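**Q** Residue strings, one per chain:
Number of protein chains: 2
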Amino acid sequence: MEQNIRVVVDAMGGDHAPGEIVKGAIAALDAEKDLTLVFTGLKKPLDAELRKYKFDAGRVRAVYTKEVIGMSEPPVAAIRKKKDSSIVAGLNMVKHGEADAFVSAGSTGAVLAGGQLLVGRLKGVERPPLAPLIPTSKGVSLLLDCGANVDARASQLVQFAKMGSIYMEHIMGIKKPRVAIVNIGSEEEKGNALVKETIPLLKECRDIHFTGSIEARDIPYGEADVIVCEAFVGNVVLKMFEGVSSMLLKEVKKTLMSSLRTKIGALLIQPALKKTLKNFDATQYGGAPLLGLNGLVVKAHGSSKALEVKHSVIQCVNFSKQKMNEKISRQILAASTSE
Amino acid sequence: MEQNIRVVVDAMGGDHAPGEIVKGAIAALDAEKDLTLVFTGLKKPLDAELRKYKFDAGRVRAVYTKEVIGMSEPPVAAIRKKKDSSIVAGLNMVKHGEADAFVSAGSTGAVLAGGQLLVGRLKGVERPPLAPLIPTSKGVSLLLDCGANVDARASQLVQFAKMGSIYMEHIMGIKKPRVAIVNIGSEEEKGNALVKETIPLLKECRDIHFTGSIEARDIPYGEADVIVCEAFVGNVVLKMFEGVSSMLLKEVKKTLMSSLRTKIGALLIQPALKKTLKNFDATQYGGAPLLGLNGLVVKAHGSSKALEVKHSVIQCVNFSKQKMNEKISRQILAASTSE
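Going down the list, the sequences are from chains A and B.
Counting from 1, one number per residue, gives the positions in the first sequence under our numbering.
Counting from 1001, one number per residue, gives the positions in the second sequence under our numbering.
Quick caveat, the hints were computed from the structure, so don't treat them as lab data.
Treat the numbers as computed from the prediction; the structure is a model and nothing was measured.
Treat the hints with care, since some could be wrong.
[Unchecked claim] One-sided excerpt, in silico: chain A residues whose CB lies under 8 Å from chain B:
# : residue
1 : Asp34
2 : Ala193
3 : Glu197
4 : Met240
5 : Phe241
6 : Leu268
7 : Leu273
A virtual CB, placed ideally from N, CA and C, is assigned to each residue, including glycine.
Chain A extracted, bound-state conformation (with noise of 0.2 Å):
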């Protein structure tokens, strides 16, 4: 075995727990030959879930808690209060250094309050923004911060843009990835306060490659590889896009359905439109790293079925195998001392 890479799931945490969280980071096992699992959860249905999988006893071990954290406790109080839940044990896995990364399809606040609480930043990182991935006409997107710190100032922004473009050129493979800024209009003059203040700050970074303002418009396109916005802006994104498409898919859907010849007609195109549709399927890139933590935290959405928990694990072995804190660390220090 090349590297150990000790991966956290939350066996309790999202709708289908524990049943397809436990399916999906089990058929992790096969795909990634490094990789060990530990399951935190409750003893009983933890270990029901168990029982219907064979693999390697060496590789998975459950560590048994008492408590869950609900989707509606308010996070940080629930951090504090429910020290024997599968969250906050798993989150100290992480902090005392006994696994590299943790994924979570429970409670969004909880897990990234408890990232950055228990988990802690990387030296010199202000704030970790939670950073998923959005599916384009062109292939994926990073956006950054989606949730996780509203009201950001332009430094933190800036890292925002950095860490993405780490991210996006190592996990992802993309050269360069072009790096933009969202706004409300292309011309230099336009954009909020924040805005105005973060573009010159991005036009002197070295090491990213900044293109410059885009346009909500312009995001589903594909027109830039690694998005930067403050959280609230980020959040407003992402559950638009979420939003939009699913509202009109169920539209076309109810369209296909209201008369016979409608019926046929969709028999003929649904192989093809179930094709393309899945293109537009965020759960095939896993869940959304919180990145600049002493370690990996990864929150996979609520509704997470096994691929998603699957693909949300292999992204932590991807995560560690190409050592993306050490390069984050160097890039953020690195700009912090030539200030």
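Since the structure of chain A is provided, determine the placement of chain B on it from the hints.
**A** Below, chain B alone, put in the same frame as chain A:
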């Protein structure tokens, strides 16, 4: 004639000016008997278009201007310098009470800046929001502010909520419109500083039906009638709507043309699909009004064709007939004296 409503139309603004602009405005004459039109623009092209149609000469007038404001000119400078442009001439007619409303598909920046600088705000209105109607699966919602003034204050968002509520009630006929503020979660403690400051103020308003936060994901499903947000966020919501839907429809079309099988399927579903997609065509509602001015300024899409121009002009007639500005003034002033 019960009342004469005078609408100035910028014949030079938009991708299809002056042809589609003149055609659409003239078409509104048949729909609205109380309407008279003034076109502003260069003599030669404007006259050439006007010669194509038959109309009551007493209801249509041309005001010839010698300059045109381009789409990429810095807005404020253009408004100050090009006094003899179709936009400045039109706005000045509203300012001097020679017209009730102005419609333009030209430079958004110039129309917004000119509306505020030349026409001026109603007494008590802090900032005039740009308020487009956006199509949803339930009908239509009003989104404001959608790009007129970035970095708004909480008191301004409260005024947007009031003006939007009046608009939806009296122009769109929705009783007790549901007013919501764009947020990144539905829980009380979520939001950025601006949203957290605004929510308690909206709760105190007795004259609107405030329903709380709306996540961007729920906007396309029509979960609120009036959607309040800061202009940068509103611009992102609107542009994501346009971008995601246009991208997805392009991908679906490509798929439908990809094989003989899908082409036959496409023929069968096309009539029904067209009808569905028409519901999501924003042009049927006309342009976006800039609310809270001493008069009415409507910004139509740059890509407007005759139908959108016609609906924009009709919107101006309804706005005047409903005495919208008196209603807005009364409510805004009532709020400021009760404080």
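**Q** Are the hints correct? Go through all of them and say.
**A** Structure-based check of each hint:
1. Asp34: Hint on aspartate 34 of chain A: violated, closest Cβ of chain B at ~37 Å, above 8 Å.
2. Ala193: 6 Å, holds
3. Glu197: With a closest approach of 12 Å, the glutamate 197 of chain A hint is violated.
4. Met240: 4 Å, holds
5. Phe241: Status holds, d = 6 Å.
6. Leu268: Holds - the Cβ of leucine 268 of chain A comes within 8 Å of chain B, reaching about 3 Å at its closest.
7. Leu273: Check passed: Cβ of leucine 273 of chain A comes within 5 Å of chain B, closer than 8 Å.
Figure legend: structure checked against the earlier numbered hints; hints not met, in rising order: 1, 3.
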